[in-house]
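So the chains spell out like this:
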Amino acid sequence: MNNADDAMDAISSPVPARLQRLRRNIRRRRRAERRFRIYGVVAVTIGLVFVLFLFANIVAKGWSAFLLTHVQLDVHFDSATVDPEGDRSPQSLARGDYAKLVKTALRERFPQVRKRRDKRALYKLVSSAAPYVLRDRLLEHPEWIGRTLPVWVPASDDVDLWMKGQVASADVRLDEKQRAWLSALIEQGRVEKRWNPFFFSRGDSRQPEVAGIGAAVAGSFFTLLVTLLLSFPIGVAAAVYLEEFAPKNRLTDLIEVNINNLAAVPSIVFGLLGLAAFIQFFGVPRSTPLVGGLVLALMTLPTIIVAGRAALQAVPPSIRDAALALGASRMQAVTHHVLPLSLSGILTGTIIGMARALGETAPLLMIGMVAFIVDIPRGPLDPATVLPVQIYLWADAAERAYVEKSSAAIMVLLAFLLLMNLAAILLRRRFEQRWQ
Amino acid sequence: MNTATAPEMEIPAVVGSEELDRREAVSETVGDITHPDPVFTCRNVTVWYGDKPGVQDVSIDIGRHEVLAMIGPSGCGKSTFLRCLNRMNDTIEGARVEGTLELDGQDIYDPALFVEELRTRVGMVFQKPNPFPKSIYDNVAYGPRLHGMTRSKADLDDLVRESLEKAALWNEVKDRLDEPGTGLSGGQQQRLCIARAIAVKPEVILMDEPASALDPIATAKIEELIDELRENYTIVIVTHSMQQAARVSQRTAYFHMGRLVEVGPTTEIFTRPRHQLTEDYITGRFG
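The listed protein sequences correspond, in order, to chains A and B. Using our numbering, read the first sequence as starting at 1 and increasing by one per residue. Using our numbering, read the second sequence as starting at 1 and increasing by one per residue.
Check the hints yourself; a few may be wrong.
[Claimed, not checked] Listed next, the stretches of chain A that the computed footprint assigns to chain B, with coverage defined by at least 3 CB atoms under 8 Å from CB atoms of chain B:
(1) 309–320
(2) 324–336
[To be verified] List time: in silico DMTMM-like cross-link candidates among lysine to aspartate or glutamate, alpha-carbon distance up to 20 Å:
(3) B:Lys-153 to B:Asp-178
(4) B:Lys-134 to B:Asp-110
(5) B:Lys-128 to A:Asp-321
(6) A:Lys-248 to B:Asp-51
(7) A:Lys-248 to B:Asp-90
(8) B:Lys-201 to A:Asp-321
(9) B:Lys-134 to A:Asp-321
(10) B:Lys-153 to B:Glu-179
(11) B:Lys-166 to B:Glu-223
(12) A:Lys-248 to B:Glu-93
(13) A:Lys-164 to A:Glu-176
(14) B:Lys-134 to A:Glu-432
It is worth saying that the hints were derived from the structure and are not from the lab. All residues carry an ideal CB built from backbone N, CA and C; glycine is no exception.
With the hints as extra help, turn the sequences into a complete structure.
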């Protein structure tokens with residue numbers, strides 16, 4: 001730029017004053033333009049740095065939650081212990097004493113441990129969920145009864161944290177002896193970080209090592225299903241009516257203003273409304289995806305209506321005229337032409353609304369979806385929680401081991417949100433109609 | 001419905017001099033408004049947009065199988081009047097129509113009449129080509145499908161072909177009927193719109209400046225087409241081009257400031273206009 005200015009000076013030695021003024025002015029304007037462009041670049045860079053920092057931070061904290069430290073034990077599936085009835089039926093196997101198997105296996109691995117206190121410390125190396133793992137494996141493979149097999153069971157959260165190096169030395173909750181046993185196990189190749197099967201398949205748990213987002217994902221799914229089934233048809237119908245059929249008068253103006261206002265209402269207000277209306281008045285069971293979906297549908301409706309009206313408005317009136325002039329009724333003009341042409345816009349708005357609903361926490365706290373949910377909900381009437389609320393719960397938990405869980409859950413949530421936004425973009429690209 | 005921007009609402013910018021102002025008071029239409037075999041009989045038609053009149057006190061007959069051209073400066077109300085004939089003004093917020101408009105003796109503003117039926121009998125071609133963003137075939141087939149006019153796919157194929165042939169488009173598109181209609185050139189699109197209008201077998205076709213968005217060659221084709229269509233259809237065409245009116249029409253109506261100033265056989269209007277305003281317009285003194 002400066003070179004260009006210099007060149008301009010070089011060719012312009014004897015210039016009239018008027019031109020010189022003009023050039024000064026142009027130079028000033030160009031400088032301002034350059035400054036403005038730099039501001040823009042700086043702003044974008046700052047934004048990107050923040051986003052990258054956020055993502056990097058979350059991924060760095062959370063990726064390890066997808067792995068879990070496992071300990072390999074040589075378990076003897078003693079038939080008297082695992083099969084109290086002796087008939088090998090699943091009912092009988094389910095009642096076996098698997099904790100005893102774990103303890104026996106540990107004691108046999110470290111025969112030198114004698115004292116009661118030491119034994120108890122030894123048992124704490126593996127997760128208290130280990131017996132359930134053994135039970136589940138045995139139910140899958142009843143032929144294991146009576147045999148001794150090496151089985152990987154989850155380690156306790158203290159061991160897991162230690163192995164992942166995520167604790168400051170002051171916070172290590174393993175004593176000298178436990179660390180020695182652990183070193184022995186590591187030397188024998190009996191400690192491994194393996195894929196964490198619980199993170200996606202299980203619900204919340206008091207044992208961080210086996211806590212998962214399965215229940216929260218299922219809860220989010222059912223909640224969003226209810227939201228979609230309610231808000232999409234109602235929202236599209238409202239948008240079509242307001243845009244295509246409603247007379248333009250004071251009342252419809254008022255409705256329009258209120259819908260736009262509704263889109264800006266803080267979400268917690270919808271939660272309070274849901275509590276008062278759905279739970280207390282209509283008696284919808286609390287903590288369920290049904291009531292959560294109802295509340296989120298209220299919140300999503302204005303988004304869908306506003307997006308839907310914008311999409312309908314984007315269809316040129318000449319298309320309506322063409323259909324009407326051929327003898328189509330207004331309804332036919334809308335359903336045959338206007339609605340199909342605006343559907344991609346409506347769907348884009350819907351997906352964005354749903355993505356917002358997926359990330360919503362505050363209103364669900366008001367209607368009891370903040371519960372401790374262990375079982376995976378099977379339908380919209382089972383008590384459930386949702387992903388963002390699960391994150392909120394874990395972020396609030398005292399145990400150090402939940403930190404990586406919440407970060408990993410955030411990663412999953414972000415992945416879902418990115419997927420939904422990607423779908424919206426693809427949809428828009430695919431069906432975008434260009435009007436001459 | 002859509003925004004209430006009336007098509008001919010712009011303030012006529014044509015009347016500047018006092019001389020013209022004095023002539024504004026057009027009370028009676030000059031010329032013979034009647035026709036021995038009328039399809040449309042319009043008497044004292046006034047259209048209100050809100051509290052502004054778009055067209056005032058227009059009376060005219062439209063004869064069977066004639067091409068009636070409506071000319072006049074911008075904002076004179078010719079499009080507004082045209083849109084009364086198939087009640088497309090209904091879609092404009094705040095538009096009101098007074099007077100009588102009869103199609104073969106039947107009041108078309110009778111509340112008992114189905115407006116869909118009227119629009120099937122009175123087709124329309126718009127200023128800007130507006131094909132549906134669907135295939136060429138589906139564009140033409142839309143009307144017949146809507147009204148259940150054909151019994152079989154073969155019938156429909158025949159009807160589509162016949163319509164495209166009548167619109168002089170068949171040879172250009174017969175090998176690509178499933179390509180989008182919006183991919184055609186402007187002139188082809190407009191002929192597609194004419195084919196689409198013909199496909200529902202209307203009695204009257206209204207054309208609102210059908211060639212104003214087209215180049216001269218495409219315009220010539222449309223004009224040729226209008227001349228051929230006259231055998232089977234009554235055509236009312238609004239145009240800004242006086243040459244076009246002279247070329248295609250048998251009768252011409254001159255509108256000015258929302259009033260019908262003069263009606264007569266096209267040759268007479270263009271050679272011996274009786275009203276001063278008509279003469280000024282066709283001789284190019286304004287407009």
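So, going through the hints one by one against the coordinates:
1. 309–320: Coverage by chain B holds here, the residue count being 5 at a Cβ distance below 8 Å.
2. 324–336: holds (count 9)
3. B:Lys-153 to B:Asp-178: OK: Lys-153 (chain B) and Asp-178 (chain B) at ~15 Å, within 20 Å.
4. B:Lys-134 to B:Asp-110: violated (34 Å)
5. B:Lys-128 to A:Asp-321: holds (11 Å)
6. A:Lys-248 to B:Asp-51: holds (16 Å)
7. A:Lys-248 to B:Asp-90: Since the Cα atoms of Lys-248 (chain A) and Asp-90 (chain B) sit roughly 14 Å apart, the hinted pair holds (cutoff 20 Å).
8. B:Lys-201 to A:Asp-321: Measuring from Cα to Cα gives roughly 18 Å; hence the hint holds.
9. B:Lys-134 to A:Asp-321: Roughly 16 Å between the alpha carbons, so the hint for Lys-134 (chain B) and Asp-321 (chain A) holds.
10. B:Lys-153 to B:Glu-179: holds (19 Å)
11. B:Lys-166 to B:Glu-223: holds (13 Å)
12. A:Lys-248 to B:Glu-93: holds (8 Å)
13. A:Lys-164 to A:Glu-176: Holds: Lys-164 (chain A) and Glu-176 (chain A) sit about 18 Å apart, inside 20 Å.
14. B:Lys-134 to A:Glu-432: holds (14 Å)
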